[in-house]
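Respectively, the protein sequence lines represent chains A and B.
The first sequence maps to residues 1 to 493 in our numbering.
The second sequence maps to residues 1 to 493 in our numbering.
Possibly wrong hints are sitting among the right ones.
Identical copies look the same in the list; a pair holds intra-copy or inter-copy alike.
Using 25 Å as the maximum straight-line C-alpha spacing, the simulated SDA-like pairs for lysine to any residue come out as follows [stated by the list, open to error]:
no. : residue 1 : residue 2
1   : K361      : E185
2   : K381      : L75
3   : K373      : D258
4   : K361      : R280
5   : K365      : G116
Simulated from the structure, these hints should not be mistaken for laboratory data.
Since we're looking at a predicted model, the values are computed, not measured.
Take a look at the letters that make up each chain.
Number of protein chains: 2
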Amino acid sequence: MSSSSSSLLEMEIFQYIDAHQSDFIKDLKEWVAVESDSVQPHLRKEVMRMMALAADRLAALGATVNLVNLGSHQLPDGQVLPLPSVILGELGKDPQNPTVCFYGHVDVQPAKKEDGWNTDPYTLTEIDGNLYGRGATDNKGPVLAWINAVETFRALKFAMPVNFKFVIEGMEEAGSLGLEKLLEEENQRFFSDVDYIVISDNLWLSNKKPALTYGSRGNACFFVEVECGSKDLHSGTFGGIIHEPLLDLIALLDSLVDSTGHIQIPGIYDSVAALTEEERKLYESIEFELEEHRKNCGVKKFLYDTKEEILLHLWRYPSLSIHGIEGAFHEQGIKTVIPAKVIGKFSIRQVPHMDLSVVKKQVVKHLEGVFSKRNSPNKLKVSMPLGAKPWLADVNDLLYKAARRAIKTVFGEDPDFIRDGSTIPVARMFQTVTQKSVMMLPIGAADDGEHSQNEKISRHNYIEGTKLFAAFFLEISKLHRNLHETSHTEAIN
Amino acid sequence: MSSSSSSLLEMEIFQYIDAHQSDFIKDLKEWVAVESDSVQPHLRKEVMRMMALAADRLAALGATVNLVNLGSHQLPDGQVLPLPSVILGELGKDPQNPTVCFYGHVDVQPAKKEDGWNTDPYTLTEIDGNLYGRGATDNKGPVLAWINAVETFRALKFAMPVNFKFVIEGMEEAGSLGLEKLLEEENQRFFSDVDYIVISDNLWLSNKKPALTYGSRGNACFFVEVECGSKDLHSGTFGGIIHEPLLDLIALLDSLVDSTGHIQIPGIYDSVAALTEEERKLYESIEFELEEHRKNCGVKKFLYDTKEEILLHLWRYPSLSIHGIEGAFHEQGIKTVIPAKVIGKFSIRQVPHMDLSVVKKQVVKHLEGVFSKRNSPNKLKVSMPLGAKPWLADVNDLLYKAARRAIKTVFGEDPDFIRDGSTIPVARMFQTVTQKSVMMLPIGAADDGEHSQNEKISRHNYIEGTKLFAAFFLEISKLHRNLHETSHTEAIN
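Excised from the complex, chain A in its bound form (with noise of 0.2 Å):
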């Protein structure tokens, strides 16, 4: 923390932080014992559980809570299940005050202590000052730093610089079912009288040094699936006579990705947009340690050699990866089985100006080639369950210039400025449908590994992210009646 430009008001709400810690972290490990995993549907019950725990916590603010029901939703195997309801919150209504609306979700990646984890994913373990866990940094840790930076004004009863809305769900992780419509209804009502909306849901681009993100890449996910009856078979008796799907679903999907990473799918680069050479000046200028992000994921070496080429090929760049498949034998040991129905899932993740329906064509119209040169006997079924768009927000908005003097104040240093190659689809959305200025603001190093085995926070990221909210309240709050003072002023003269 840089003391030097710290107010005074700043200094007592960051004593009070550093003096709240344990309290903090147990409010992280009560959430985090919640497996309010949105994935597997037989974890539903929890996520709604965790949704209850998170309207609590803002009543217990002081914050008028809504839990917008938004229905219930099919599964491919028709399956229907609940959604969980959506928070809506609000807290404070000074008019002098600008108001910020904070974006987060409860909802986890699936994980088992079996994947390889060292400790329990739902039981928040502090080891050489990590706190690991399942959410711990996707998106729990972030969504209670934000909270506790709001508790921390209330508890030392200053007032509060400005006014709070929460939009706060339980299907982030399996695709924000339901949110858009929302957002789009109460785009006249709830976000009226927003100005400014800030979510903390991803990641800094190293280890040390903090990141305000201005953009992320959108995901079409596909399941594509090759059947050739209902039951699956013995390859002794039925091996060598008939064509396996999953032989076929291995051709599919082998046809997708070249060895350098490029896409094979006829036309998919045709509407990415050109790379400028001011663009590519912006990244020779970020700070990126390649060889820390090359330790941070365990490969041994990278498609690409240098960092520009590595931060482009992440955020401005469509990727293909493959994730699984469904239907065959995936445990350990041997099982001489020709799986009868198997379904191959791969996602590319989208840039601007590609367009999820031209995408989805070409994918089809790709796999249906390639599927019928093999004359093969068996069913084919493409389709694409989820697609989020890109996303890429204004750099020069009053959001990122509060957000860069707070990080100043507590960590001492400028931001980077980056791109996120995940998908965020609500920034994009909540652009799109509100056309307020958005904000990425995370709080977790590069190497907490998200979606990964062994997720953490470091209690370090957690505590001081706290105190960047808050310090951010201040900033936001002084650059809003600034300008809306200069504003008054003009409209005077």
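Starting from the known structure of chain A, arrange chain B on it as the hints suggest.
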């Protein structure tokens, strides 16, 4: 049942079996209720429990039972598990009688209701004359049918026509680990006075017509492991900049077989025995309903159009099947993960005169060649955790004559003389080690679905199969005594 050829003794035996159907089905229900899955490590204790049940059952027959400890084995992940003991049982020592050794196994393939079973796989359920449950046909049903055939002679207080020996194991579905060594050790002891070996661990070729089996394919199982590091990665944060292990693995798996079912590994067909004109004629005479077989497995179309081509490719040509991938996402829904370590699993069915060590070298060389062209920095590891040789018997043997007569008595028709596309390594193992005459005498029908969802044995096959075994005891006794007397007479002349 063709009563014309049945003796009074047989009639009485068959009546007893008919009258005790419910008891025999109750026995099977008890055995099926034990989840004796030898593939999944955490169920090993259930295999142990099943072995104890089988030992008790043999002891109740009056057999002396010896449980031979085989020690332990190590899994690919380093875990050490105890091997279930093998049961060596003996009943009767009449020097006038032939000694018939029966082999069976009481472990099963993995099964879960959610794999697509209509009933709980571990609750034997009768629907329309079929008994559904894991292990019903493979191999608990046939083992119990044999035991109950022996039990019938005991209950009726008839002299035993043969001396019985039993070899019952609990690791067949996981490669019969330790069994070959045991056979070698016991060859001069337990097997020294064995005349014939009977295995009933396969199926008829049709749903209705009985069969005798004189050969089976072997199997070489392969694991192909590709690894980029120790932890799974997020496809947003790393997609597009790393060599994804699953992409490498899919390219490797896609290089194995073409869309016509032809294996692409160089040299793999070099040692396959050439098809003679005489052998081809043997195939022409077999009764085989192509359309029925197709319906049994549910596929729209086979790779070949004629009965001969289908049987040749099932029985005397190698085939390659891919079973699945360990380590990738395999559940419902979407997980935007880049798996760090994936293990592809496939197997190649072996036929005379392929050599397992040569096949292994060919596979490793081929995969390493494909991998090296990808310039991937990931780690590749190819292993062959299981290799089983093919087996071929002489159909003019006494054993086959006796079984043919018993089939004619019980089912009223001659059997098909068939081979099996499945691997039954014990047949080859028993023949190689003991040099005795080995026969496979199936009682399950073609549509029993071994290793598949909704495995079953029909009530008809289970009960008539019990009669078949009892009739076989009488026939082999008669033929053996005749042969013995003839030899004796010849020796005097």
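Checklist line | Broken hints, by number | finding: Numbers 1, 4, 5 - these are the hints that the structure violates, sorted from lowest upward.
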